Amino acid sequence: MTAIALMMTLLSVTPSSLTFDGAGEKLLHVRNDGDAAVRIERAELAPGSDGFALQPTNGRVLQPGESYELRVAFVPDGRHAQAFGGVQLHAADGEVTAVAVRAGGSWLLTLMIFFPLVGAALVMLAPRGRHALVRAIALGTSLVPLAAALHAVAHFDGAGGLQFVQHVVWIPAFNVEYFVGVDGLSILMVLLTALISTIAILASFGIDQQVRGYFALVLLLETGMLGTFVALDFFLFYIFWELMLVPMYFLIGIWGGPRKEYAAIKFFLYTLVGSVLILLAIIALYFHAAPTALVDGTPVQHTFDMLKLASNDWAHKGLTLFGCDFSRVVWVAFFIGFAIKIPIFPLHTWLPDAHVEAPTAVSVILAGVLLKMGAYGILRVNFAMLPAATEWAATTMTVLGAINIVYGGLCAFAQTDLKRLVAYSSVSHMGFCLVGMASFTDVGMNGAMLQMFNHGTITAMLFLLVGVLYDRAHTRQIDRFGGLAAAMPRYAFVLGLGFFASLGLPGLSGFVGELLVFLGAFAAHRVVVAIALFGVVITAAYHLWALQRVLLGRWNEGWRDRAQFFDLTAREKLTLAPLAAFVIVLGVWPMPLLRLVGPGLGELVRHVLG
Amino acid sequence: MDAGWLFLIPLVPLCGAIVNAAFGARLQRRFGRHAVSVVAVGVVVAAMGLGIGAVAQLAALPARDPALGRVLVDRVFTMVDVGGLRVDFTLALDALSAVLVLVITVVGALIHVYAVGYMADEPAYWRFFACLSLFVFAMLVLVLGDGFVPLLVGWEGVGVCSYLLIGFWYAEPKNARAGMKAFVVNRVGDWGLFAGVALLFWAVAGSWSAIDHRYYFDVGHVQPTLSFRALEQLFGAPEFAHAFAAKTIFGAPVPLVVSLLLLFGACGKSAQAPLHVWLPDAMAGPTPVSALIHAATMVTAGVYLIARLRFLFVLSPAALDVVVAVGLVTALGGAMLGMFQYDIKRVLAYSTISQLGFMFVALGVGAWGAALFHLVTHACFKACLFLGSGSVIAGMHRLTHARHTGHLDEGVESETDRHAMAAGDDEHQPAQLDPRVEADPTDPQDMRNMGGLGELMPRTRWSYLVACWAIAGFPWAAGFWSKDQILAAAYGKSMALWLVGVATAGMTAFYMFRSYYLTFEARPATAAHRRHVRESPAVMTSVLTILAVASLVVGPLGAWLLAHVTGDFAAHEAAARVTAGLMLASVAMATLGWAAARAFYKDEAEHAKLRAANRLRYENLHAFAFDNFRIDELYEATFVRGFAACARAAAWLDEVVVDGVVHALAAVTRGAAWLTGAIDRLFVDGAVDGVAALVLGGGRAARRVQTGRVSHYVLGMTMGVVLLVVWASWW
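These protein sequences, in sequence, are chains D and C. If you use the working numbering, the first sequence corresponds to residues 1 to 610, in order. If you use the working numbering, the second sequence corresponds to residues 1 to 731, in order.
Think of the hints as simulated: they come from the structure by calculation, not from any bench. Every value quoted in this text rests on a predicted model; they were computed, and no experiment measured them. Cβ coordinates follow ideal geometry from the N, Cα and C atoms, glycine included. A few of these clues could be false.
[Claimed, not checked] Here are the computed distance ranges between Cβ atoms for each label pair: (1) V668/C x G610/D: 40 to 50 Å; (2) R490/D x F31/C: 17 to 27 Å; (3) G140/D x I249/C: 49 to 59 Å; (4) G129/D x D81/C: 46 to 56 Å.
[To be verified] Covered stretches of chain D (in silico footprint by chain C; criterion: 3 or more residues with CB under 8 Å from a CB of chain C, positions within the stretch not fixed): (5) 404-418; (6) 438-444; (7) 480-488; (8) 508-518; (9) 524-537.
[Said to hold, decoys possible] Here's a subset of chain D near chain C, in silico, CB distances under 7 Å, partners left out: (10) P346; (11) L505; (12) A540; (13) A541; (14) L544; (15) Q548; (16) L552; (17) G553; (18) R554; (19) N556; (20) G558; (21) L594.
Taking the hints into account, I'd like the entire structure generated from these sequences.
Here is the structure:
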């Protein structure tokens, strides 16, 4: 050993990490393996190690070979049934030795995220031409995340807080952690994603070109979506975020309609612009966060941990960027990135094109889940990390939301393609989410979250139904139809149900979210909300007009073969039934969902309002 | 008092609707249509039994708290509980809802029975009854729901049922359009309702800060609530009511703004001016639907809403004045339009609009009990009139059907036949008929194709006549009791109000007896009529008889009912005294209207003379009234066209401007990519390719995207991320 080595602290700690099962105390054996005495200035818990307690030892000197025991206790207080943290031993020479301590933790989310990836591999391994096998694998694989999501919902503690956490260091060199968990913001989105994915796969059974590739991409997409909703490390979040983009591009670009290349590239470039902004903003936050520690206690200068980033007071750090307030610039970058996904006017024109060209099941996923990603991102990142800037932008957000509602509705009214109409209705409906979020009231925020979930199920239903019609007629031009109710009575019933739910009929699920959004938002922005309320008239107008032109009136004589328009098949019914059940049950009894998200959103409101 | 079984009252019809919707088609096919009838009539009769039981239980309650009255409560479940807002799905039966529950279930049951006969030949019989049962469910939720959320569930639920039933024969585009018009116009009203609810919700529990214009809860103040009973309790405290009345929004008193917004919503549902335009078109639905939904129950929901929220409306006398004005304009306008219609159902539709106007006047002058009373009597006689018209239409339909299929047996043509047959013979040009001038002979609803039906349909005729007495307000019949109460209350408010009211009552008598004479008398029945038009089956005429008898007895009965069962409800109002003089004046006015109708229409010859004179002198005026004062055309030209233009403009903006910018950006990027590519090739050459790629990365990427090889870019981007992170970790 050289002299330099002799000067270094050589503390060894056993065991190398502590794992608790419930409340209790455990011992760490600290031993001086070096040749010189070490003075331990202090032993302390790393930042973020909530739920643990440590016996204080300050200024203890360890002779070479000497050891002592350090008592660590885990005290679950209801909020921290699972906890992750580290113990840091600060030696006199500034060297820090860290030991991870953890309690609880769950593999559930990891299993949920990556099972579809395994499924994708299996699908690719399936022999060529065995379409039925591929479909069965894909469907079976998607049932696992659905079961996991249902399990998470069933065992979700309504009191709030992060649950089903898995938190380990992943790439120490870049301070990247593998950190996943669900809380009130994400639990519903996880359920929605798992549900919509399964339904989309079931609805894709009609695909007969490049079947393996198709289902592998859908499963890859599911991994990306689930990962985005549960990732709590920004690096991980971004990887999943980008992971969604690629399969979506190919799904539109290969299996899409006549202008699929145009739509796919438009979608890709739009989303990419957003991604770049988000990436830059992430890096900006990364470098300006206060020094903290990784989950195993290792002290670090920068962090990707989204919770730790959220605990920085960005508005009062005195930072500037391009001569403006740092937090506001970063906020705007994030907002634009997420707004493209929602999409918010005027960044929305990729959506109708993508929908019109995408195959049915991809539209279902796009509208059912991907749009929610934008709203979720705004809540998770803009609201939770940059509350002061969020409050600064409240009016802007409300106005943008109101524009979405009214403008999207008007555009929907003018469409001649049924799928485009439904796509614009999504623009209109997502406006409600923004208005509700920007109200900073519990009522409005819960309304926005309900709207996200309910819009997911309703619009998925509508795209499935449009797909059914396209399947029969190979056209979506509204004026080519008429009088279909007589030929397809069950289809007419379900389409009516979906349209009325979409126009916000009380008693069906679309209404509750809208009502809460209006009640909540009216407090802050009376005039804007009163204008947004005209949405209820516009929505009714374009839905009913479309309904009339498609289902009612006389049979369109352009179709010679009436038998071409056969009623819903068993598989179509199977895809629609669960969504219809959600639409009806949540319309009268939204309480189960509110119980899941209420406390978490309440915390967020108080966080934003300080 | 808790009554945990109240939810059964709406639940039973809901089950009926579900059964008929899910299995009705199969039931009808396998067991005949009466399997469907048994379910549909069974559930509404069961609901009636439950409703009567509940009202009996309510009446038996001792009146403990005179301020709040007696009430049965059933808290079914909690819908929403977030952030201090708790919305319970609670049903409550008090005096007001008791009256409406009785009207809905009793009149509803009768109309269901009638419909069994009326819809007998309908292939989609099950669909009709499924919708009708669903309507009864929604209407019961509307009146029983304690709070805005259950109310809205019912409010929009009846709207949907109305939409479905107006467009029941949806293959006819006109019917489907009428349904859509009804729903959309109602939604316009709902804008006011939603805004009113939101404003009320916030105004009750706090105030807006003058500094940041944001709302704050008044610390230590009341919980926000949407429950009617909780609100009524709050407003019952004088200090709260005063504090609330003093609040302002944009300089206007909050009670006024809230009341006007809610009134706008009520106008939509109750077809009051300026949102009345949907109701005449709604007559496209089957006649039992017109009787139940568009006369007896749904259209009274607006009256119910205002009566339910009277504690709020009384805080703003100005708002009450607006209610009176709306009611008066509508009552008068509806009566004027009703005098010029030839379609028997449109006469009744305008009559309904007019009578609802009377109820609004009553609400506006604070005669809550009288409004409710008129609602009850109107339900009886207007249901009787509509169902009577339905009986006539069913009879006429056989004639027009025969004419259509060429089975018309001409018989011996008499002098009077010529009129009916003349137009029918030249079937090649019926489309050119102007309905204002000449009847379309194939139209079974046009009264000019009728006449002399009284001898062929005696029971229909007598019941219709009795209902005419009732609506005209001749002594003892129903309208005499309720309308005179309203007029007396109006007199108490102002002489002018009373004068307009009495004039309207005279017009009411005129247009109703006009319809009676044109339909049942006017001239002897033609041979074609005699051959094809028959009295309706007993299942229909017995209902007509019951309703006619009800129109006679409901007056005194209702007066007693209001005094005893629902005394709580009317307790607050200043009792208006119906004096002999007022009564005499209104009866005289009604007699005048009847006499005029008799003079002009009892005899076809007189009518022909009148029409000839009209055509010469008042053609334009007549046409103007016939066409709903061209209000539809006005709305079409302004709102509908304006809306469509806005939609087109938005779509243009989207396609040309917003997407244009995107395409322009794409073009610029492509240009830059080409340029940088050219520079790359010409100057930089292969040696420094890597540096160039880094510097000009954006342009190259776009060029590659353009070639469709996005996978390259994805790879590049991922590597970029890695590079950034590597750089970051060293920095």
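Results of checking the hints against the structure:
1. V668/C x G610/D: 40 to 50 Å: At 43 Å between Cβs, range holds.
2. R490/D x F31/C: 17 to 27 Å: This hint holds: roughly 21 Å between Cβ atoms.
3. G140/D x I249/C: 49 to 59 Å: The hinted range 49 to 59 Å holds for G140/D and I249/C, with Cβ atoms some 58 Å apart.
4. G129/D x D81/C: 46 to 56 Å: Holds: the Cβ-Cβ distance is about 55 Å, inside 46 to 56 Å.
5. 404-418: holds (count 6)
6. 438-444: holds (count 3)
7. 480-488: holds (count 3)
8. 508-518: holds (count 5)
9. 524-537: holds (count 8)
10. P346: Hint on P346/D: holds, closest Cβ of chain C at ~5 Å, below 7 Å.
11. L505: holds (5 Å)
12. A540: Constraint on A540/D satisfied, holds at 4 Å.
13. A541: holds (5 Å)
14. L544: At about 5 Å, which falls below the 7 Å cut-off, the nearest Cβ of chain C leaves the hint on L544/D intact, so it holds.
15. Q548: holds (5 Å)
16. L552: holds (4 Å)
17. G553: Hint holds; G553/D Cβ to chain C Cβ min 4 Å, cut 7 Å.
18. R554: holds (6 Å)
19. N556: With a closest approach of 12 Å, the N556/D hint is violated.
20. G558: Interface hint status for G558/D: violated (16 Å vs cutoff 7 Å).
21. L594: holds (5 Å)
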